[in-house]
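Asker: Going down the list, the sequences are from chains P and R.
FYI, the numbering for the first sequence is 1 to 556, going by my numbering.
FYI, the numbering for the second sequence is 557 to 871, going by my numbering.
Honestly, the hints are just simulated from the structure, not real lab data.
Keep in mind it's a predicted model, so treat the numbers as computed, not measured.
Backbone N, C-alpha and C define an ideal beta-carbon position, used for all residues, glycine too.
Keep in mind that a hint or two might mislead.
[Stated by the list, open to error] From chain R, some residues computed to sit far from chain P (all C-beta separations above 10 Å):
{"no.": "1", "residue": "Phe580"}
{"no.": "2", "residue": "Phe827"}
{"no.": "3", "residue": "Pro865"}
[To be verified] In the SDA-like style, the derived pairs of lysine to any residue whose C-alpha atoms are separated by at most 25 Å in a straight line are:
{"no.": "4", "chain 1": "P", "residue 1": "Lys518", "chain 2": "R", "residue 2": "Leu783"}
{"no.": "5", "chain 1": "P", "residue 1": "Lys118", "chain 2": "R", "residue 2": "Thr797"}
{"no.": "6", "chain 1": "P", "residue 1": "Lys118", "chain 2": "R", "residue 2": "Leu761"}
{"no.": "7", "chain 1": "P", "residue 1": "Lys140", "chain 2": "R", "residue 2": "Trp675"}
{"no.": "8", "chain 1": "P", "residue 1": "Lys518", "chain 2": "P", "residue 2": "Gly493"}
{"no.": "9", "chain 1": "P", "residue 1": "Lys183", "chain 2": "R", "residue 2": "Phe854"}
{"no.": "10", "chain 1": "P", "residue 1": "Lys520", "chain 2": "P", "residue 2": "Ser343"}
{"no.": "11", "chain 1": "P", "residue 1": "Lys118", "chain 2": "R", "residue 2": "Leu867"}
{"no.": "12", "chain 1": "P", "residue 1": "Lys520", "chain 2": "P", "residue 2": "Phe385"}
{"no.": "13", "chain 1": "P", "residue 1": "Lys140", "chain 2": "R", "residue 2": "Gln781"}
{"no.": "14", "chain 1": "P", "residue 1": "Lys118", "chain 2": "R", "residue 2": "Ile798"}
{"no.": "15", "chain 1": "P", "residue 1": "Lys118", "chain 2": "R", "residue 2": "Leu577"}
{"no.": "16", "chain 1": "P", "residue 1": "Lys118", "chain 2": "R", "residue 2": "Trp862"}
{"no.": "17", "chain 1": "P", "residue 1": "Lys118", "chain 2": "R", "residue 2": "Leu784"}
{"no.": "18", "chain 1": "P", "residue 1": "Lys118", "chain 2": "R", "residue 2": "Gly725"}
{"no.": "19", "chain 1": "R", "residue 1": "Lys617", "chain 2": "R", "residue 2": "Tyr560"}
{"no.": "20", "chain 1": "P", "residue 1": "Lys140", "chain 2": "R", "residue 2": "Asp857"}
{"no.": "21", "chain 1": "P", "residue 1": "Lys118", "chain 2": "P", "residue 2": "Leu87"}
{"no.": "22", "chain 1": "P", "residue 1": "Lys354", "chain 2": "P", "residue 2": "Arg378"}
{"no.": "23", "chain 1": "P", "residue 1": "Lys183", "chain 2": "R", "residue 2": "Arg770"}
{"no.": "24", "chain 1": "P", "residue 1": "Lys118", "chain 2": "R", "residue 2": "Val755"}
{"no.": "25", "chain 1": "P", "residue 1": "Lys140", "chain 2": "R", "residue 2": "Trp862"}
{"no.": "26", "chain 1": "P", "residue 1": "Lys183", "chain 2": "R", "residue 2": "Leu867"}
{"no.": "27", "chain 1": "P", "residue 1": "Lys438", "chain 2": "R", "residue 2": "Leu783"}
{"no.": "28", "chain 1": "R", "residue 1": "Lys735", "chain 2": "R", "residue 2": "Gly725"}
{"no.": "29", "chain 1": "P", "residue 1": "Lys118", "chain 2": "R", "residue 2": "Leu573"}
{"no.": "30", "chain 1": "P", "residue 1": "Lys118", "chain 2": "R", "residue 2": "Asp857"}
{"no.": "31", "chain 1": "P", "residue 1": "Lys140", "chain 2": "R", "residue 2": "Gly627"}
{"no.": "32", "chain 1": "P", "residue 1": "Lys438", "chain 2": "R", "residue 2": "Leu867"}
{"no.": "33", "chain 1": "P", "residue 1": "Lys240", "chain 2": "P", "residue 2": "Ala413"}
{"no.": "34", "chain 1": "P", "residue 1": "Lys118", "chain 2": "R", "residue 2": "Tyr560"}
{"no.": "35", "chain 1": "R", "residue 1": "Lys617", "chain 2": "R", "residue 2": "Ile666"}
{"no.": "36", "chain 1": "P", "residue 1": "Lys520", "chain 2": "R", "residue 2": "Pro865"}
{"no.": "37", "chain 1": "P", "residue 1": "Lys118", "chain 2": "R", "residue 2": "Arg716"}
{"no.": "38", "chain 1": "P", "residue 1": "Lys118", "chain 2": "R", "residue 2": "Arg866"}
{"no.": "39", "chain 1": "P", "residue 1": "Lys438", "chain 2": "P", "residue 2": "Ala413"}
{"no.": "40", "chain 1": "P", "residue 1": "Lys140", "chain 2": "R", "residue 2": "Arg630"}
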Amino acid sequence: MAYAIGSTRDCVVSDNHSALLRLDRVSLDIHGVPILSDISLSVAAGQTLGIIGESGSGKSMTALSIMQLLPRGSQSSGSIVFDGQELSELSEEQLCDIRGSDIGMIFQEPMTALNPVKTIGDQVSESIRLHRNVSSAEVKQLTEQILERVGLPNSEYPLSRYPHELSGGQRQRVVIAIAVACKPKLLIADEPTTALDVTTQAGILDLLKTLQRDEGLALMLITHDLAVVSMMADDVVVMKSGQVVEQGSLYSVFGNPSNDYTKLLFDASALTQVARRGNKNDSATATNKAPLLEVRDLVCEYRVPRPGLLSRPTAFRAVDTVSFDIQHGESVGLVGESGCGKSTLTRALLGLMKLHSGSISLNGESVSAAQTVSRDARRQMQVVFQDPFGSFNPRHKVRRLISEPLYLLDTQATAQETNYRVSETLESVGMAASDADKFIHEFSGGQRQRIAIARALIIKPALIILDEAVSALDVSVRAQVLELLHDLANREGLAYLFISHDLSVVQRVSDRVLVMQKGKIVERGDTQTVFSNPQHPYTQQLISAAPTLRIPQSER
Amino acid sequence: MLRYLYRRLGSLAATLLVASLVVFVVIEVVPGDPASYMLGLNAQPDTVAALRSELGLDQSKPARYVQWVTGMLRGDFGQSYTYRTPVADMVSDRLWISLPLALYALVLSIVIAFPAGIWAASRRGGAADTTVMGFTQLGIAIPNFWFAMLLVLFFAIKLRWFSAGGFAGWDEGFFVALKSLTLPAIALALPQAAILTRVMRSSLLDVLGEDFMRTARAKGLSRRQALLRHALRNAMIPVLTIIGLQFSFLIAGAIIIENVFFLPGLGRLIFQSIAQRDLIVVESVVMLLVFAVVVVTFIVDLAYAWVDPRLRRRS
Chain P
1 MAYAIGSTRD CVVSDNHSAL LRLDRVSLDI HGVPILSDIS LSVAAGQTLG IIGESGSGKS
61 MTALSIMQLL PRGSQSSGSI VFDGQELSEL SEEQLCDIRG SDIGMIFQEP MTALNPVKTI
121 GDQVSESIRL HRNVSSAEVK QLTEQILERV GLPNSEYPLS RYPHELSGGQ RQRVVIAIAV
181 ACKPKLLIAD EPTTALDVTT QAGILDLLKT LQRDEGLALM LITHDLAVVS MMADDVVVMK
241 SGQVVEQGSL YSVFGNPSND YTKLLFDASA LTQVARRGNK NDSATATNKA PLLEVRDLVC
301 EYRVPRPGLL SRPTAFRAVD TVSFDIQHGE SVGLVGESGC GKSTLTRALL GLMKLHSGSI
361 SLNGESVSAA QTVSRDARRQ MQVVFQDPFG SFNPRHKVRR LISEPLYLLD TQATAQETNY
421 RVSETLESVG MAASDADKFI HEFSGGQRQR IAIARALIIK PALIILDEAV SALDVSVRAQ
481 VLELLHDLAN REGLAYLFIS HDLSVVQRVS DRVLVMQKGK IVERGDTQTV FSNPQHPYTQ
541 QLISAAPTLR IPQSER
Chain R
557 MLRYLYRRLG SLAATLLVAS LVVFVVIEVV PGDPASYMLG LNAQPDTVAA LRSELGLDQS
617 KPARYVQWVT GMLRGDFGQS YTYRTPVADM VSDRLWISLP LALYALVLSI VIAFPAGIWA
677 ASRRGGAADT TVMGFTQLGI AIPNFWFAML LVLFFAIKLR WFSAGGFAGW DEGFFVALKS
737 LTLPAIALAL PQAAILTRVM RSSLLDVLGE DFMRTARAKG LSRRQALLRH ALRNAMIPVL
797 TIIGLQFSFL IAGAIIIENV FFLPGLGRLI FQSIAQRDLI VVESVVMLLV FAVVVVTFIV
857 DLAYAWVDPR LRRRS
């Protein structure tokens, strides 16, 4: 390796001529729609460039422009120089030689980034075989080495494994192995950890850092998460609507953002506590009153296919003796990583699945006793789901979508009443009454989530369950939606159960927090106390793994 | 993998058992007594009774079911009511035409559909795609008996390359027999190939949009390499399903084509037997077809597991 560890960084920053990759006034249209305009940036060898932007800002298209893997109907202009070669002038054949060999790329969605019908060994060795002229014994050896390098030792993860036998984090390691198998000079990582849990994310970021240091590769890290960038990057580019709005060293951009949009992103991401609700003390005194929701020793199980024809059927316990209360007007956060039982718990609370044992009562009335959840209980409990794109019927207009819970009323609302309620609710979530006559595809993700909240609100429930309700939203939109939820709680005296894997979100909105691991609640308490002084090792691990936005104080 | 195999075999046996019951019951409730049908309208009641007892029709229904099923397990399918010959012989003669014909047509259909589907998918929206899709429309729209007649007119009557109909028999040599099956096989394969091409194309297009195809391209594979190495196998599940359905259909669904080419196949046998109330033949042929469908499904299931490792573990 020509790059010396440590010293490269400083000399590269000052010497712009050594840029490994340089984009100069790159513009891109897809079917005539402008996607990128005049993108100019450069990545120096051995350095990390963080590209920040929200969805639709053109981050991924910038990456695909570099790879020259643009979708059909793309028209690009400008120059992309990599390692002294103008990429846009190369033939497809020459580009194939560069892709995977000199430039590696990692993608956002590890669950689908690997071919499900090929072994991980096949998929990693394929890129070695493509670019290196070595014997098959050597290919196998190199494949084992590289998998070992990314933290998948051959003893535990033999080459014959299939992707579905690995977890998301492990799959992402395989994708990284494919990308770095031929020791590229540049590694492009497009939201490499967005789909992963915090502890897994920490592991992957750590791996990328080590690989970069040891192999001296340049890293282009694309993410919407400012905290991740602040931990990883040397230089930063901020993108919005296909343009670069600000760029410079991490120190200059994060320490002293000059662009309004950058400032807005910081405000939205910063861990400033949303002002607590005024009635917090009331809810504390209200503990004497009967709790709104009471969950006692709840157990939920899934049947697992029996291992043999004659063996006993076994069950997987997804929720294991969980008990908690939610008071009127209280906001409770539930955190835990994927697979911890959060979603099963939600389904159980909503009466969407059978309980194995335990009880759930709402306002002192048992919800779980009868076969079906009573109308009254359903009226008091509403839900907002994670995916604002998949959770609406695309063929219904907004009016029908949000007025549906009105069927839970004992006396059916008249058309006039329904219209009135729809307009009122839409306005209360910051939409216009006229939006009722539009279809859901006419709205952005943030607007859809507002409509989802309107759907929950229209029946005036006492409790709203928010199942990862802001996870799919961009930071600035997320901040707005959280603000809205906060206002609504103040106005309507709503209680929330806020389920999320994102600690910063839970920290911002909840009065109390429950930490769930493997179906059990391992820690609970006042949000402030839990976050500042976590007791359970799992909570400690979660909190330390979460990336925190650090504003660098001085240039290194 | 073994467990997967056992499970599939178990469901195969269960399907056959249920099918045999259904076939028996349905045929029993069909109006029309074979004995009186065979003897005509003016037959004496005692003659009919005698024939009934000779045919075993006077026994109780459960007893006849057990007799029928155990007989089939031994390879004894009973005697045809009309021809008074063992059903097994009649069926096996016909099977030696229908089965090779079905296989022949299927192979032709695959040989046409795979390259055409892959070609169309790899040039989505281009001239090649439009052309291939146009031909598949035509292939589905043209009735195959009419296409069969065109084939006869052109290849048999005008060019005299093939005979216009009939089957030479396997004793005449493999290629001679195969030659006499060629025109019927082409006629049968045409609509099947058209359907299979469309399935292949759309399934491939779905896979080409998957994330892992982007990973493959980012590795440095060319478009063509990525398609052949990564997309094709993933696109196979729907294609295999259709191939299985087509084969089952081809074994018995060739009645019209068999008639056009004067081929004594299973389709014609079942048609004649129904017309003559030869219930035992109908029952046996239907059971045989059920057996064929179940076996084909079993093979398709195995092929699924071979193609997609995720299916090997799941039940």
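Asker: Hint by hint, say whether it matches the structure.
Answerer: Here is what the structure says about each hint:
1. Phe580: Per Cβ check, Phe580 (chain R) is outside 10 Å of chain P; nearest 29 Å; holds.
2. Phe827: holds, 43 Å
3. Pro865: violated, 5 Å
4. P:Lys518 to R:Leu783: violated, 41 Å
5. P:Lys118 to R:Thr797: holds, 21 Å
6. P:Lys118 to R:Leu761: This hinted pair holds, its Cα atoms lying about 19 Å apart.
7. P:Lys140 to R:Trp675: Measuring from Cα to Cα gives roughly 33 Å; hence the hint is violated.
8. P:Lys518 to P:Gly493: violated, 32 Å
9. P:Lys183 to R:Phe854: violated, 46 Å
10. P:Lys520 to P:Ser343: holds, 13 Å
11. P:Lys118 to R:Leu867: Measuring from Cα to Cα gives roughly 13 Å; hence the hint holds.
12. P:Lys520 to P:Phe385: holds, 22 Å
13. P:Lys140 to R:Gln781: holds, 21 Å
14. P:Lys118 to R:Ile798: holds, 23 Å
15. P:Lys118 to R:Leu577: Outside the cut-off at roughly 43 Å; violated.
16. P:Lys118 to R:Trp862: The given pair, whose Cα atoms are some 11 Å apart, holds under the 25 Å limit.
17. P:Lys118 to R:Leu784: Holds. Lys118 (chain P) to Leu784 (chain R) sits at ~13 Å (cutoff 25 Å).
18. P:Lys118 to R:Gly725: violated, 46 Å
19. R:Lys617 to R:Tyr560: violated, 37 Å
20. P:Lys140 to R:Asp857: Given that 25 Å is the threshold and the Cα spacing comes to 32 Å, the pair is violated.
21. P:Lys118 to P:Leu87: Violated: Lys118 (chain P) and Leu87 (chain P) sit about 31 Å apart, past 25 Å.
22. P:Lys354 to P:Arg378: At roughly 16 Å apart (the allowed maximum being 25 Å), Arg378 (chain P) and Lys354 (chain P) satisfy the hint.
23. P:Lys183 to R:Arg770: At roughly 20 Å apart (the allowed maximum being 25 Å), Arg770 (chain R) and Lys183 (chain P) satisfy the hint.
24. P:Lys118 to R:Val755: holds, 22 Å
25. P:Lys140 to R:Trp862: Holds, because 23 Å separates the two Cα atoms, which is no more than 25 Å.
26. P:Lys183 to R:Leu867: Answer violated: Lys183 (chain P) to Leu867 (chain R) is near 35 Å, above 25 Å.
27. P:Lys438 to R:Leu783: Between Lys438 (chain P) and Leu783 (chain R) the Cα gap is close to 40 Å, so the pair fails against 25 Å, i.e. violated.
28. R:Lys735 to R:Gly725: Holds, at roughly 11 Å.
29. P:Lys118 to R:Leu573: violated, 38 Å
30. P:Lys118 to R:Asp857: Satisfied, since the Cα-Cα distance of roughly 19 Å is no more than 25 Å.
31. P:Lys140 to R:Gly627: violated, 57 Å
32. P:Lys438 to R:Leu867: The hint is violated at about 42 Å.
33. P:Lys240 to P:Ala413: violated, 45 Å
34. P:Lys118 to R:Tyr560: This hinted pair holds, its Cα atoms lying about 20 Å apart.
35. R:Lys617 to R:Ile666: Judged against 25 Å, a Cα distance of about 45 Å means the pair is violated.
36. P:Lys520 to R:Pro865: violated, 33 Å
37. P:Lys118 to R:Arg716: violated, 50 Å
38. P:Lys118 to R:Arg866: Holds. Lys118 (chain P) to Arg866 (chain R) sits at ~10 Å (cutoff 25 Å).
39. P:Lys438 to P:Ala413: Holds, because 22 Å separates the two Cα atoms, which is no more than 25 Å.
40. P:Lys140 to R:Arg630: violated, 53 Å
Hints 3, 4, 7, 8, 9, 15, 18, 19, 20, 21, 26, 27, 29, 31, 32, 33, 35, 36, 37, 40 from the list above are not met by this structure, while the remaining hints are.
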